[in-house]
Structures are given as C-alpha cells and as structure tokens.
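Chains as they are written, first to last, in our numbering: chain A, 1 to 274; chain B, 1001 to 1342.
Errors might be hidden in some of the hints.
Here are some of the chain B residues that sit facing chain A, going by a computed Cβ distance under 10 angstroms [to be verified]:
1. Ala1205
2. Thr1207
3. Gln1208
4. Ala1210
5. Trp1211
6. Gly1212
7. Tyr1216
8. Asp1220
9. Asp1221
10. Ala1224
11. Ala1225
12. Leu1227
13. Ile1230
14. Lys1231
15. Ser1284
16. Arg1289
Derived DEER-like restraints, expressed as beta-carbon distance ranges [as the list claims (entries may be wrong)]:
17. B/Thr1337 - A/Asp33: 44 to 50 angstroms
18. B/Val1331 - A/Arg200: 46 to 52 angstroms
19. B/Thr1337 - A/Arg112: 37 to 43 angstroms
20. A/Lys139 - B/Thr1337: 30 to 36 angstroms
21. B/Ile1312 - A/Arg112: 52 to 58 angstroms
22. A/Glu137 - B/Ile1146: 51 to 57 angstroms
23. A/Ser153 - B/Ala1120: 45 to 51 angstroms
24. A/Arg112 - B/Thr1038: 42 to 48 angstroms
25. B/Val1333 - A/Arg72: 46 to 52 angstroms
26. A/Arg129 - B/Leu1134: 39 to 45 angstroms
Keep in mind the hints are simulated off the structure, nothing from the lab. Note that the Cβ used here is the ideal one computed from N, Cα and C, for glycine as well.
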Amino acid sequence: MSERRPLLEARGIVKRFGHVVALDGADFELYHDEIVAVIGDNGAGKSTLIKSLSGALQPDRGEIRLDGKPVRFRSPGDARSAGIETVYQDLALAPSLDIASNIFLGREARRRGPLGRALRMLAKRMMRREAALHLQELKIGVQSMSQPVENLSGGQRQGVAVARAAKWAQRVAIMDEPTAALGVKETRQVLDLILRVRDRGLPVILISHDMPHVFELADRIQIMRLGKRVAVVTPQSHTMPEAVAIMTGATRGELEQALVKEGRPAKLPVEEGA
Amino acid sequence: MNATDTSAQPLWERSAVQQIRRVLAAPAVGPLLALLLTMAFFSLKSDRFLQGPNLSLVLQQVMVVGVLAIGQTLVILTAGIDLSVGTVMAFGQIVMTKLAIDSGYSPTTAILLGILACVAFGLFNGGLVAIVRLPAFIVTLGTLNIAFALTHIYSNDLTYPPGESGASSLPSALLFFGRTFTIGHTDITYGVVFMFVLFALAWFALTQTAWGRHVYATGDDPEAARLTGIKTARVLISVYVVAGLMYGLAAWLLISRTELGDPNAGQTTENLDAITAVVLGGTSLFGGRGTVIGTLIGAIIVGVFRNGLTLIGVEVIYQYLVTGILVILAVSVDQLTHRRRL
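Produce the complete structure using the sequences and hints provided.
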C-alpha cells in the first residue's frame, strides 16, 4: 500500500509574495478515487497551494508531479489541458449566458460540415442536449437549460460550476470552498454532488473551512499551518477537535515533528491512531 | 373546493403577467415598442413621414450611424466605450478621398488603405485596453483627439475634392453605396442594403459562434472568463479591431452619401448618435448584455427622431437637445435594471 503511486503530488513548494512567505516547502499528494481535504487557518497557505496545483499561480520553487511525471503549469489553461479542473470560490461563471453555454464556455463545439468549418457555427442544440444529459447524470435539477445562470439559486449555480468541472476534468477536480455561500439545504445538495463526482472515479481536492463537512466527505485530510503541511489525518484516526488543535498549533502534527527534526520528511504516510 | 378555485385564479393571473413581463424583458422588444411609438407619433404629426421616399431617406441617414453603432456595440458589450468612433471614421474618409484624388492611387487601393487606417486605430485602442489595461474611456478619448488632429493635418483642412466642383470628380467606386435600385416607387441605396448585411453578419458572429460567446463572457466578468480559459486579451483586441473595420466601412458609406471627404465630419452627430443607438437598443454599459438587433432598432429610432423633428419643423439645435435627453433616459433605464439584477 505504501507503493501506491500518487496521481498528483507536490514536493517542497515555496511561494513568496514580497516579504510574505505563503508556502514554505509544502507537500501534497492525491491518490486515485479519493477526496482529500486541505484545511488550515487563514494564511496557512492552503489557497496558495491549491492555486499552484491549478495553474493560477506559479510556485517559486518545488516540484509538481502528475502520474509521476514532473509538470509545470504556467496558466489555468495548462492545468486544464493536463486534466485538472478547478471550481473557484467566486464560481467563474458568466452570469448572462445560459447553463449550456457556461458548461461549454471556452470549449464550444462547432457544427459538423461546412457550417461549422467555414462559418464556425456552434452546435447549440448538441451542446444543450449534452449539458442537460450531464446535469441529469449528476442529479442537478434545473428547469431549463436556456435560462441565464444569473436566474439560478446559489446552490444551482454552484451545481453548474461543479458539473462543468466534472465534465471536463480527466484527472482531478479541485473545489475551493464550494459551499461557502450556500444555505443548509443547498449545501447538502452540493456535498452529495461532490460525493457522486468521486464515485464516478474522479479524485477531488476539497478546500473548506467547515470541519463537519470535511470530516464527512474526505478520505484523507491534509492540515496546513504557516505555509507547511503539518499533518495528514483521516476522519477515523482523528477527531474534529484534534484536527483543529493541530491546525491552530495547539498540538504538534506528526509531520511537524519530523520537519523539526530534519527539515524535510522522508516519507509521508497517513498518521496511524490518535 | 372553493379554496382551490380562489387559489387557482391569482396563480393563473400571475403567470399571465409573468408571461407578458417575459416578452417585454426579451431583448430588443422594448426598443421595438419605443420605435413603433415614435413612428406613430410622427406619422400623426406629418403626412409625409410614412411615405416610401421619406422612410428610404431615414434609412440613408441611419446607415452611417448604424454601421458605426455595430462597432460601438461590440466595444460596449466588453464593458468598454469607444469615443473615437466619429473622428476615426473621418480620418478614414479623408485617407480614401485624398489618396484617390491627389495621390493617384486606384480607388480600390484608396478604399482599402482608408479601411486599414481605421483598423489600425482599432488595434491601437484594443492593445492599450487589453494589454496595458488602460480604461477604454480614456484611451479612446485620446484617440478621438489624435484622429481629429491627423485628419486636419493630412487634409490641410480641405474637403476632397477641393473647391465647389462637386462630386463628379470622385471615382465611382467611392460612391458605390450611394447608387440606388427601385422597389415600387421608392429608391433604395445599396448602402442601406449593405448596412443590413453587416448587421446580419454581426448578429451571426455574436450569437452563433464561440467568438460571440467569448465577447459576452469577457464583458460579463473578465476574471471569470479568464479562469475558464478564454484568452480575454485576444478577445478584447479582436473586438476593437472589428470595430475599427466597421468605422472604415462607415467612412466609405459616408463618402457615398455626402459625395465628398470632409475633415469636419463625424465630430458630434455621428459620435453621439452611435452611442445613443447602442444604448437605446438595450445594450448595457456594464457589459455582457445586449444585441445588435437592438442596436439596429436604436439607430433607426435616432434616425426617425432626427427626420421626424425636421419634418415637423423643429430646428436642428433642438434635435441635439432631444438626442441628449434620449441618451440620458436610456442610460437611466440600464442603470435601474442593472441595480435590480444585483
């Protein structure tokens, strides 16, 4: 089991903004078929880490490997073409365009034949049909595919954003605070949706402040503090208060002790037992 | 039983009201109603208004502003604004006429170079907005003055052809769009037909192609568009370049209509009217919302106002007053609906 190769991993990522060190040699890995949650206090570096993985930021140092091969993402587009899709906290939807247009935004399908080739005409009906089918598979209920996204509720909008990521992600879906702005019922729907996405075989990286959600969804939980990974726990190995204690620095995470000793941990197993 | 009856009634009524509201909210329906009302008003005030020749005249007056307004629509859809519309067109117009008369270029070359000059201005505007990230308002305010100055320097303040000799000395290619064909008893210029063709092309590009989607998305929320993988800088530049192309074509139309190249053209009337047309057509100054069909209707509204006011004997200066008020009214509607949306 220790031989299992991570699908996506990061080693010793450093990112500075002026004098501020946002990431100070952070590590990360994601295996197939799992949801990994990244938690940490504000300024712990989780957003910076996730942006490095999604191509929105370029780390100053460190290595990112996809399927064991080193990769370098210069833009969100690079990460996307490597099969990594991100649902951003601010959604990144175009409010005045309809659902199907949003799901296909930047990846529009053209018509077959001369209309598509010479006139670059869009295959609107096909895109609408495919988008509707996809939403149905993910059990996202919307009345009509042709309504602009701005007319949807927050939960439905988040559903569309997650659906878009799930549709195009070949390898990894990253979800940055996907339930931050939602009501109780809508949050439930989005959480279920994330589980469905994982069960369809797409590994998910989840960034969230909400401990109960993290403990419900995640297979493993990576805890960040002061720009470093200080522990990797599971909902079985640790309780919520224990995880929070590591997050705030009240307790030392196991990896933190290793870091103190040698500067870098050699191997990064899940911590066993509490 | 009684309860179900009473509850069914308001529900039905509400959905009817909602349906009417939805029809009214559909793009271009509001502007169309405004156009019909304006036309009804002027046809009551003047018998000549609804006659074929007069309507054809309205369209001839509309064609230059209409084509400018296509470019302006594209720019405003990206949440920008182009104040250089009129003076850039004036520059293109002088390049075309001066090259054709003075420099001995073939008319086709002269026209192409004139259009190219306008496209270059578009590229300049677009580059500064997209890459240097300057506000479109300031960039195009600068371009307005640059184009104005270049027009006067290059033309030596002369109209082309110089003197009062009239139109005959301009090569016929430059006047092509002033030629007419007859339907019934009404002469229609090729320029008017060309304007409709350009509107159809713009409609197609905006609604049926990926480029159109990207224009809307970029205007709607540029950061979101960028994160979706749209190359927003490229989209913005392409918008300003296409707008420049429209101004070049509008320059050709203007020459066909006035039969001369006038360095003083395009300073206020065309500039203001093109923006008015876009805003009256329901395109939001906040970007991401609007249609070229609406702009076409908006341009016709402006034309109908100018024509109608002339017909009923209102002095030209009052037409400026009216168009000024119209813009402010239309922008207020935009602002109010935008606020409600938020």
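Verification of the supplied hints:
With its C-beta approaching chain A no nearer than about 9 angstroms, alanine 1205 of chain B sits inside the 10 angstroms limit, and its interface hint holds. At its closest, the beta carbon of threonine 1207 of chain B sits 9 angstroms from a beta carbon of chain A; the interface hint therefore holds under the 10 angstroms criterion. Contact between glutamine 1208 of chain B and chain A, as hinted, is supported at the beta carbon level, the nearest pair being about 5 angstroms apart and thus within 10 angstroms. Taking 10 angstroms as the C-beta contact cut-off toward chain A, the hint placing alanine 1210 of chain B at the interface holds, the least distance being around 4 angstroms.
Given hint, tryptophan 1211 of chain B at the interface with chain A, holds; its Cβ is 7 angstroms from that chain's nearest Cβ, closer than 10 angstroms. Because the smallest distance between the Cβ of glycine 1212 of chain B and any Cβ of chain A comes to about 8 angstroms, under 10 angstroms, the interface hint for this residue holds. Interface hint status for tyrosine 1216 of chain B: upheld, as the beta-carbon distance to the closest one in chain A is roughly 6 angstroms, under 10 angstroms. Hint on aspartate 1220 of chain B holds. Least Cβ distance to chain A is approximately 5 angstroms, under the 10 angstroms limit.
Interface restraint check for aspartate 1221 of chain B: the shortest CB-CB distance to chain A comes to about 6 angstroms, inside 10 angstroms, so the restraint holds. Because the smallest distance between the Cβ of alanine 1224 of chain B and any Cβ of chain A comes to about 4 angstroms, under 10 angstroms, the interface hint for this residue holds. The closest approach between the C-beta of alanine 1225 of chain B and any C-beta of chain A is roughly 7 angstroms, which is under the 10 angstroms cut-off, so the hint is satisfied. Given hint, leucine 1227 of chain B at the interface with chain A, holds; its Cβ is 4 angstroms from that chain's nearest Cβ, closer than 10 angstroms.
Taking 10 angstroms as the C-beta cut-off, the interface hint given for isoleucine 1230 of chain B holds, the closest approach to chain A being about 5 angstroms. Taking 10 angstroms as the C-beta contact cut-off toward chain A, the hint placing lysine 1231 of chain B at the interface holds, the least distance being around 8 angstroms. Interface hint status for serine 1284 of chain B: upheld, as the beta-carbon distance to the closest one in chain A is roughly 9 angstroms, under 10 angstroms. Hint status for arginine 1289 of chain B: holds, given a least beta-carbon distance of 5 angstroms to chain A, under 10 angstroms.
Between threonine 1337 of chain B and aspartate 33 of chain A the beta carbons are some 47 angstroms apart, a value that agrees with the proposed interval 44 to 50 angstroms. Restraint check, valine 1331 of chain B to arginine 200 of chain A: a C-beta distance of roughly 48 angstroms satisfies the suggested window 46 to 52 angstroms. At about 39 angstroms, the beta-carbon gap between threonine 1337 of chain B and arginine 112 of chain A stays in the expected band of 37 to 43 angstroms. The given range of 30 to 36 angstroms is respected by lysine 139 of chain A and threonine 1337 of chain B, whose C-beta atoms sit roughly 34 angstroms from each other.
Between isoleucine 1312 of chain B and arginine 112 of chain A the C-beta distance comes to about 55 angstroms, which sits within the given range of 52 to 58 angstroms. Remark: the range hint 51 to 57 angstroms for glutamate 137 of chain A to isoleucine 1146 of chain B is upheld by a beta-carbon distance near 56 angstroms. In this structure the supplied range 45 to 51 angstroms holds for serine 153 of chain A paired with alanine 1120 of chain B, their Cβ-Cβ distance being about 47 angstroms. Taking the beta carbon of each, arginine 112 of chain A and threonine 1038 of chain B are about 45 angstroms apart, inside 42 to 48 angstroms as hinted.
Distance hint check for valine 1333 of chain B and arginine 72 of chain A: the Cβ-Cβ separation is about 50 angstroms, which falls inside the suggested range of 46 to 52 angstroms. Separation of arginine 129 of chain A from leucine 1134 of chain B is about 43 angstroms and conforms to the stated range, judged on CB atoms against 39 to 45 angstroms.
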